[in-house]
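> Given the structure of chain A, go ahead and fit chain B onto it with the hints provided.
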Amino acid sequence: MFSDLKQWFGSGKPWVWLNAGAVSISIVMVAALLILIGIRGLGHFWAKPIMEADYLEPDGSISRLVGEIHEREVVPREQIQDPTLELPEGTDTVARLLVKTGNRDTVGLDFRWALEARLQQMRYPEKLMAIERYEWGNFYGYLKEVRQDGTLVASGDEAWQALQPLIERAGELRAQIKKIEQDDIGAINYQIEKLRLAERRLELDGVAAGSREHQAIAEERQVLQNRYQGYQARLRELYQQIGRDSLTGVVMDGQEVDMPLSVVVRAYRPNEMGLFDKIGFYIAKLWEFVSDDPREANTEGGIFPAIFGTVMMVILMSIFVTPFGVIAAVYLREYARQGPLTRVIRIAVNNLAGVPSIVYGVFGLGFFVYFLGGNIDQLFFPEALPAPTYGTGGLFWASLTLAILTLPVVIVATEEGLSRIPSSIREGSLALGATKAETLWRTVLPMSSPAMMTGLILAVARAAGEVAPLMLVGVVKLAPSLPLDSNAPFLHLDRKFMHLGFHIYDVGFQSPNVEAARPLVYATALLLVLVIVMLNLAAIAIRNHLREKYRALEQ
Amino acid sequence: MMRAMTTVSSPSSHNSLTGSAATPRNRWRMLKDRLARRGVAVGGIGVIIAIVLIFFYLLYVVFPLFVPASSEKIASYPLPGTGETMVLDIEEQSGMAVRYTSEGQAIFFATRDGGIKETLSLVPEGRRITSQARAIAGSPLLGLGLDDGRVVIARHGFKVGYAEDTEVLTRTLTPTIDYPYGKEPLELLPQGAPVAHLSMRDSEDQLLLAAVTGNGQVVLGRFTKQTSFLSEEITLERDLVVIDGLDISPDYLLLGTDLRRLYVASRDGTLLHYDINGTPRQLERLQLLGRGEQLSSLRMLVGGISLLAGSTTGKVVQWFPVRDEHNNHHLTRVREFALAGQPITAIASEERRKGFLVGDEQGRVGLYHSTAERKLLVEQVADTPIVQITNAPRSDTFMVEDSAGRLHFWRVHNEHPEISWSALWGKVHYEGYSEPAHIWQSSSASNDFEPKFSLTPLAFGTLKAAFYAMLIAVPLAILGAIFTAYFMAPRMRKAVKPTIEIMEALPTVILGFLAGLWLAPVLETHMPGVFAMLLVLPLGILAFAYAWHRLPRGLRNRVPDGWEAALLIPVVIALVWLSFEVSLPLERALFDGDMRAWLHNELGISYDQRNSMVVGLAMGFAVIPTIFSIAEDAIFSVPRHLTFGSLALGATPWQTMMRVVILTASPGIFSAIMIGVGRAVGETMIVLMATGNTPVMDFSIFQGMRTLSANIAVEMPESEVASTHYRVLFLAALVLFIFTFFFNTLAELVRQRLRRKYSSL
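Going line by line, the protein sequences match chains A and B. Residues in the first sequence are numbered consecutively from 1, following the numbering used here. Residues in the second sequence are numbered consecutively from 1, following the numbering used here.
Just so you know, the hints here were simulated from the structure itself, not pulled from any lab data. Be careful, since some hints might not be right.
As the list claims (entries may be wrong) - The following residues of chain A were derived to be distant from chain B, with all beta-carbon distances above 10 angstroms:
(1) Ile37
(2) Lys48
(3) Asp105
(4) Gly210
(5) Pro270
As the list claims (entries may be wrong) - Subject to a maximum C-alpha distance of 20 angstroms in a straight line, what follows is the list of computed DMTMM-like cross-link-like pairs (lysine to aspartate or glutamate):
(6) A/Lys549 <-> A/Glu416
(7) A/Lys48 <-> A/Glu145
(8) A/Lys477 <-> B/Glu718
(9) B/Lys32 <-> A/Glu68
(10) A/Lys13 <-> B/Asp561
(11) A/Lys278 <-> A/Glu68
(12) B/Lys494 <-> A/Glu548
(13) B/Lys497 <-> A/Glu548
(14) A/Lys477 <-> B/Glu715
In this text, a Cβ means the ideal position worked out from N, Cα and C, and glycines have one as well.
Next comes chain A alone, as it looks inside the complex (with noise of 0.2 angstroms):
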């Protein structure tokens, strides 16, 4: 036995099987990374049961809890500072839970670690209410009555039957609510700015008050001024009904909480819902995740904002990055003398594509948005000053910042795709009498272009992901208006934006209620992962296919 062991290490067999090990470690890890993340961020979603049990506090009083279960961790009893917990003998170990208890607004906190050991008659009533709020967070308890202009409408079992429909109403009145206040109303208040703006001009160039173009703007500016009185009254109205009803729930300790429906996001008794109902819950949830707002700072809601930001910025930088990038690639492979410099040329281009993320943010802040950015306030923008327009980061300088980031990126896989075409096709159209750009134009270029496509999407699928460079030239944890929206001149280049990635960061580290927020971060993570690695495959995927067409090609 032992000599064979020798012999085994002799063979040398033990370390192969070592360098096996480090592989699936990293497959391991990989692996385990997205399955947590697909994990965490889709179980999001899942209307959890809540559950009910009564609490033996230390000091042996018995209190109600109730809440989701988010986390079970076990611990040893040492870490336990909990002298009256009585255990069964020869447990070292106590298990305790982070339980959701919701409740903001009564309790202060809406999380707690329970010890399980102190927990006693779980249950899970079907009555037991979940209501998602537009403001602190969720409620969880009894539905007792609903009221309907402060007069009794239904209670008990009655009231939940009651309560749905006012809900969908209260949702309606939500919409209109919002369709005026943020398209209506924030359309007269784009145009009474850029009234402003254009009286400060006159000012700026000497037009003396109560000139004609002042009078004229004036004139608008009344105008505007009637229309959004007409605006504020119809708020005034839907204000008025959405506060119609409202509702009153018994919580964990007893307490009854009256809240009106304007708060309510929606209502739901997980623990009665069948399996369907669940399914039916889970794409509204999702439906709401990529479509919807954030509310409650960013921990709750949607995060359509930050994808659209997202789809926005990246838009912007291809359409930046790809004729640059082509064109130094080409002028590099087609045009310029292969000798030392081109080399020295190309070496810097590929080291680039290695300069840390956060330099081009640097780059980006000083050269684009200060340097740049500033000089442009003072020429074409002076009646802003000294609010800066283009002089602050934005979604103009975030894609060109990134472009300059990912031009590497595109100038490599260009000119990969570019070196591996055959020298006998270019010099086969040279022969037939074409011109070197035609020849360029009508068979190199074409024959690169999944090349091209490769470097892109790469490109995308890396300026998707960057973080840092944009925390210094744009991005924002809430920006009020998308970049893009119905007012002229419609696209907005110089507005701050979200962006999936830095929403991970924000929520995640800077967000007073972390544990809250935990879910949606790995939400937005899944979708952001999800998006970059559909990306990287499509790359893969078309630089194989890529290989197959030139191998066939040569041979």
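Leaving out everything else, chain B in the frame of chain A:
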């Protein structure tokens, strides 16, 4: 370069068209061809220049940090007004200055030509000013000691207005004087002796004055402020203390800003340090200067902590109180500056920086910065000894009075005196610290804050993070690459390579988020298990391999060679699970149930939840694919005939691997590691999220760090454009740029050489 390229490519295009007739269509085609060539060349070169611009722009922003200070004379004119100058002060934008005379007048004059704008009388009829003091350096709040033992507290100001009579706005200045504690002088010295060597400090609730009487006593006047509720008028309640029995002649008096310290110094350099919190108590007695030197000037640096002692031999010595282990403060000699060997006659501190101006007996003026230990400038300003020196609040001009009664007004260009090689990289003894240290602390709310711009802790943190990341990444990536490139079955390799490539593409913000919010707590609760894993994983894999080896051949042959890694995946999962399972029992058995507490109590190691271990794992994860791909590439492309030859000569696959393949591919592996280092050094989001971002100099694996890149991400948005802080952050970016560029270039050159070597083999 353009010319070269044209000559090369023109024959081909001409050849194709020479025979054909120059029809309009062909001419158009030729034109298009030329346009395309020009366009592509311009575009291509433009893009390349744009890329190069990054480097030059960073350099352009950083450059002013290292530009030496310069100055030029603006004007020189006789003293406006009469009498001896007590105080000189320049207004914010250097348009106007004020001169307080011994005759009790404040003479406001234009700095450009000395033309008097206004003269205001400050003191009661017939009194003279014998002594003056400022509340803090540069403050317009002055104490003016009179010859009858009383003190006037006055404050001058320059009201800024804009005259709109012409097309352009012109700035107008109206001098003002006000008396925050009433126009009536405060009684300080008994018996109406002239106030000498006045010193003053002003705080929220009290005004502290100190002066010397005619017979060498020091009188300390503590005026407690009382604000009446109704009129918001301030009344002062006086409390006098006399310090007598001094055995030195009190030639200089200075009060500390904390209102707890009094320094009394004599011309021979002896200094007495008093604690005046309560009954005055002498703390220490020391010699400010060396043998044979006399004290010729004593001033405080802005902030009121450091003393600047000017000597008759042309030296300025900086002292400040340093706390010892018993919490007692001792004045400590920190550093010294030399001018030109002539007695120092005047010292003036800058108002917003730790810089100061020094004038000497031969009319020379020197400009220094204390923290950076820099002598920035020496100018011959006058021909006679300098008696007064002052600088503008922005430190962009200064004014000097010489003993011949002339004022000299100079402009200074001195934007970034705080930066020197020693301030950036060396240990610096900062005010309030007990010893020289490397500290990064760039900003604070207060104006007289001493910025600490040491890049050393940041560079240290960067390297530390990279080190721990490489500790995880290098073994896994290189071993994995060896197996994948050389032993793995081609079909499996086809699946593994894209997996690793996707791993490379994972956004680092996600890794950082998982590291900070998921991994850090997991590591904290399962620490013993994590350390057990280091042992369990390799041993477990070996044990499994041996067991596999002992399996009957028939069973073994079901799995072909090259699939070991797939076989090991469940094993690895099981081993990790096992490690976590033994974590709790281990913690109970070895560490009394709480490893964190054990580390702290037994070894004195403090544990940060977001520490180097977390960063190492997360960043290791990010770097593995980079190293893996390049190393795998290098190993895979080792020419086959080398390995075949070795195998044919009877070497085992492992021997072939170690002695032939690795040796040949080692430059490629080296460059893979270099590129990995480059990536780890520049990574921002992971360190930002997975560490506490405290700039400490501690190599402990249980402590966090702050890296250059994370520091930029944190501080850049708040830093003021073109300030020293802004430029230092650019310098940090430039350092990162050069560092990674250097490592990448090195790696690239090595790889290119390797490729040439392979092709020649």
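> State for each hint whether it applies.
Hints and how they fare:
1. Ile37: violated (7 angstroms)
2. Lys48: Given a closest Cβ separation of 19 angstroms, the condition holds.
3. Asp105: holds (26 angstroms)
4. Gly210: holds (19 angstroms)
5. Pro270: holds (25 angstroms)
6. A/Lys549 <-> A/Glu416: The hint holds at about 14 angstroms.
7. A/Lys48 <-> A/Glu145: violated (24 angstroms)
8. A/Lys477 <-> B/Glu718: holds (16 angstroms)
9. B/Lys32 <-> A/Glu68: Violated: B/Lys32 and A/Glu68 sit about 70 angstroms apart, past 20 angstroms.
10. A/Lys13 <-> B/Asp561: holds (11 angstroms)
11. A/Lys278 <-> A/Glu68: The hint holds at about 15 angstroms.
12. B/Lys494 <-> A/Glu548: Answer holds: B/Lys494 to A/Glu548 is near 15 angstroms, not above 20 angstroms.
13. B/Lys497 <-> A/Glu548: Holds, because 17 angstroms separates the two Cα atoms, which is no more than 20 angstroms.
14. A/Lys477 <-> B/Glu715: Holds - the C-alpha atoms of B/Glu715 and A/Lys477 are around 17 angstroms apart, at most 20 angstroms.
In this structure, the hints that do not hold are numbers 1, 7, 9, in rising order.
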